[in-house]
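Chain A is fixed; fit chain B onto it per the hints.
So the chains spell out like this:
There are 2 protein chains.
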Amino acid sequence: MHYFLSDYKLISKVTEHNRIMKLCYQPICKWWYKFLVLILCQHQLSCLPQIPSSVAANKRNVLLIVGDDAGFESQVYGNQVLKTPALNYLANRSVIFDNAYTSVSSCSPSRSAILSGLPQHQNGMYGLHNTVHNFNSFEGLKSLPFLLHESGIRTGIIGKKHVGPEDVYPFDYEITEEQVSINQAGRNITFIKERISDFFNGTAVDQQFFLYIAFHDPHRCGSTNPEFGEFCEKFGNGQPGMGHIPDWTPTHYTPDEVIVPYFIPDTPAARLDIAAQYTTIGRMDQGIGLVLEKLKEVGHLDDTLIIFTSDNGIPFPNGRTNLYASGMSEPFLLSSPEGSSQWGQRNSELVSLLDIVPTVLDWYGLHYPSYKLQGNVVQLTGQSLLPLVSGHERYKSLRFEPLSDDSLNRDAIFASHDLHEITMFYPMRSVHTQDYHLIHNLNFKMPFSIDQDFFLSPTFQDMLNRTREGLPLLWFKTLNQYYYRDEWELYDLGSDPHEVHNMVNNATYSSILSALKKQLKSWQNITADPWICAPGAVLEFQGKYKGNPQCLSMENGLTDDLTVHKTLEISFDKRQQYAVEVIISTFHHPSISFFMGVELLRLLICLAFLLLFTNLHKRWKQKSFHKEYTI
Amino acid sequence: MHYFLSDYKLISKVTEHNRIMKLCYQPICKWWYKFLVLILCQHQLSCLPQIPSSVAANKRNVLLIVGDDAGFESQVYGNQVLKTPALNYLANRSVIFDNAYTSVSSCSPSRSAILSGLPQHQNGMYGLHNTVHNFNSFEGLKSLPFLLHESGIRTGIIGKKHVGPEDVYPFDYEITEEQVSINQAGRNITFIKERISDFFNGTAVDQQFFLYIAFHDPHRCGSTNPEFGEFCEKFGNGQPGMGHIPDWTPTHYTPDEVIVPYFIPDTPAARLDIAAQYTTIGRMDQGIGLVLEKLKEVGHLDDTLIIFTSDNGIPFPNGRTNLYASGMSEPFLLSSPEGSSQWGQRNSELVSLLDIVPTVLDWYGLHYPSYKLQGNVVQLTGQSLLPLVSGHERYKSLRFEPLSDDSLNRDAIFASHDLHEITMFYPMRSVHTQDYHLIHNLNFKMPFSIDQDFFLSPTFQDMLNRTREGLPLLWFKTLNQYYYRDEWELYDLGSDPHEVHNMVNNATYSSILSALKKQLKSWQNITADPWICAPGAVLEFQGKYKGNPQCLSMENGLTDDLTVHKTLEISFDKRQQYAVEVIISTFHHPSISFFMGVELLRLLICLAFLLLFTNLHKRWKQKSFHKEYTI
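Read top to bottom, the protein sequences are chains A and B.
Each position in the first sequence, counted from 1, maps to that position plus 11 in the working numbering.
Each position in the second sequence, counted from 1, maps to that position plus 11 in the working numbering.
So here's chain A without its partners, still in its complex pose (with noise of 0.2 angstroms):
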């Protein structure tokens, strides 16, 4: 039986019953006092329910693959033309989840949203990290890697790191673009095989590790080495000057036979890209049979849980770097050796990348711990999808959605944009449910920005050239209407799956709009969105604001229905009366209220026993042995 209660500073019984377990073990007393705890934890034990998993707490182990802009394009997702062997064999052991997104459609706002659970505004890493854009995450910040370290477990990284700083995200073993060249680390496929083995090599039998497989396919290498083709998909095909990657076979596709996305034009040039990503992927592909075949020469396959997604969506117009439905959506296996019941099942519930570190950390039994960053609570609002693998179902409450309306689907994720580029300020916010999608475009006036990868795309440039030339675009929008937004954007993904048609201002959506962007609002709340009152209003938290942050308005013209007021009350706290709802509510649930109460019963006896022994032998210690521990 699981616990879904990891999140939100309550108990989880896993952890409860870990901690137990290093008491009963650790050295913290004398042999004799030992006997007394042993008893003592014994009894404990009886209390908590035994871990109901066939893996056990000290063996469980986590591979995280993450592909770079790699999208949907698979067999998995329906992709009948491109053949992904390695991931049909992984989904056949996963749960294969439909509706994933990112937070942020841009690489290392989402790495550093996947590896801290924190959205970008949240964990600092505003745009991306290397060269000029020099974003960071902040420091304190409290990883998955780093919490890992701590509790014992090995990490490595192989493949693209992109994020910083470095005490922020710690690996004990890292090979990346740090170390070596990005084509190396993350597409040479025969090399990460070789880091895997070192990795294992360096990890001892009994340690429990979190290996991440940050492979740098199928990102576009056009603009920075378009020797090797614009997905770098000539890179080690044994042809002349591109080197030779023993353990990939290259499949090769021709422009007719791909499939074009929606969102992209159906032109030649376009084709010829697509064709040449589906090779790229291809490597992937066979790097992440590389890898699986590692972990089971390793005898980790049962006892690993395996995670396969993409940091964002493919580098093509609408996609990486916008916050529509196809720059967010990411493929998302999540194969646990505890749910072979449910592997090669789909499942359409929102699943965000947020949720990947409560994941994580629910799988080793692990805590969250209490802390603030820049002054704020630090939160989670991701909740663990353990309980989805495992035949369990969800229980809702735990999505954070305090202000949600009835008329709502009462599920939603958030996603939060701010640059990519250095030069690219172009900050969005959105929530996104079952049916619906509100974004929010804080520097709506501008137009929205391209980045250098994608401009020198062919797909791009003959966009370009066709709007020069007055030639059909072939495509779902003019380059003017994707520049120039609207400051709110609603879809109703029912009738619009393709998010064309805004109905911001449609009367019939105006209630929903409105409970949308309060859902939104209060996710901006709870995550310290240091955006919450653009761009029509200043936000203010300090001095005689301290405890009653407000947004007050900058008579900019730019005020909305939710900032006009300025005394709108946006107060930090209010997480705080929400975590102690949550908490009631999860009293108050009819299934586990009795269960709560008597568990709860008995832990307190527990504990009181533990107190009044701890007590005694305190005083019979202070008696005896003064002398000895005088210094």
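Hints are computed from structural coordinates only; laboratory data are not their basis.
Watch out, some of these pointers could steer you wrong.
Heads up, the list lumps identical chains together, so a pair's fine if it works in one copy or across two of them.
What the hints assert, rightly or not - Restricting the straight-line Cα-Cα distance to at most 27 angstroms, the calculated cross-link-like pairs of lysine-lysine (DSS-like) are:
no.	residue 1	residue 2
1	K70	K383
2	K557	K528
3	K383	K153
4	K456	K528
What follows is chain B alone, placed relative to chain A:
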């Protein structure tokens, strides 16, 4: 006699002299060899001019004093109400610059530029360093404290640091907001005085020093510590709860008597603000008095170059965070012990705070190193101001102006702002000559942003209230004009010193506009500005554009006359070509070409001798001591 060539990688004789001196006295070789070198060195020294100053090269020190949002409010700059006796005293030992400008009107960016000599877009500090803003300069940047430490000069900072990372801005002695509260480090002048004693107690008698006193006065504190008053004017004044600064005798001013600058509304609210600011400036002034007394006490008043300036303009509308003259003009006193004949004189040459690094290096006789940052050759665009305070005319062509038009005054300074708070994205670039000021607003379609500190000021709150209530602002603009700016702003400073009449569409100024745009773009190019192509185009410099960077149009409707041609060549390599041109033109300069030729000839002869002896020595060493040195 001074040498003006320390920038642009030309060999400064002073520096060359120092190097030879080091060669003479360092144990680079065996004793018997020293003898030969010494003979050579003596000869070499006779080749070089002796340092022509009253202060020996190895005795030179620097005291850099920076106010926080200090502006012109002082007697030195014509304010006859506000009494600033210490600044008066310093001014009487200084050249007083009337045309000094910061390179950016924002705290961390400006301080990073002061300490690195590179504009914020080149050093990476695109906005504030503290809390959620989280900006940092690039790793690998060689800042002034870094270079001085490397040269054995003891460095100290007392007050507001506000830049990072630590390893880029290291100080041997450091008491800043990172160690104690910012008010203690930056406003408690008794505390500051004592820390200066600590610094000097830790400095060896014969050790050179660079001491940076960074007052937090007269910064506002109404938004963070309103209990101390709007400008912390009550902090330490001895009133109940205010604490007591023993060395401070507060001076008070009435709102009636203050002088309201042209860019501030003449309202009761603003006058109250200004009166409070005067009191705080008074504390800084008394602090400066203590610093100078301490300097005299330790016997360094006559061997220390003293600079007083401020990071940016005063925190009032049109002031701080703006690139208008009201936000950019800085007080600038430069006191050289060698220039007593110039003391008390006023100088109207254009001076940039980017000139501080070259000036300090020149004073110490040090080179700026040759290195790359983010793949680009780093080149200072400021220049030493020492000639101006020693009665020499500045060698004009050393000011960067490769593309300037003959119709313009040849001297120009540049400015560059990107963000202040992380949410305040409003990049601007500016070129300023004696006659004209051109500003490029890159995010011009969005309103200009307001910071949390200034927003809460009584002056601005009053402006907001007046706007809401339809009352006259008593200002030279409307709020709407202030928020919404043209993409380009051109002001004719002769007829319009308050910069209110934008001449950008006036045909009379078209050739001036064009020349200034070229000059600005050229500076952006030399300083490797990531925004060089914004907002209409994308900068491409990798892959097939390596060595041939291009601005390529996004076709977003914002392409201006400089970027409309997709093949515009904005080559980062041009700087090399320019450097060569400067060297050649320097040799052609009539006043020094003959002297240089003779000196070079003598230098070459010296070097030939040195080479010959070294070679002979090496051969002899190989012959005689071969076994001894074989390992």
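Do the hints match the structure? See the list:
Taking identical chains as interchangeable, the C-alpha atoms of K70 and K383 are never at most 27 angstroms apart, the minima being 31 angstroms within one chain and 48 angstroms between chains. In this assembly of identical chains, the alpha carbons of K557 and K528 lie at most 27 angstroms apart only when taken from the same copy (25 angstroms versus 45 angstroms across copies). When the C-alpha separation of K383 and K153 is checked against a cutoff of 27 angstroms, the pair qualifies only within one copy, where the shortest distance is 10 angstroms, while the shortest distance between copies is 33 angstroms. Taking the shortest alpha-carbon separations for K456 and K528, both the intra-copy value of 20 angstroms and the inter-copy value of 24 angstroms come in at or below 27 angstroms.
Violation of the numbered hints given earlier is confined to hint 1; every other hint is satisfied by the structure.
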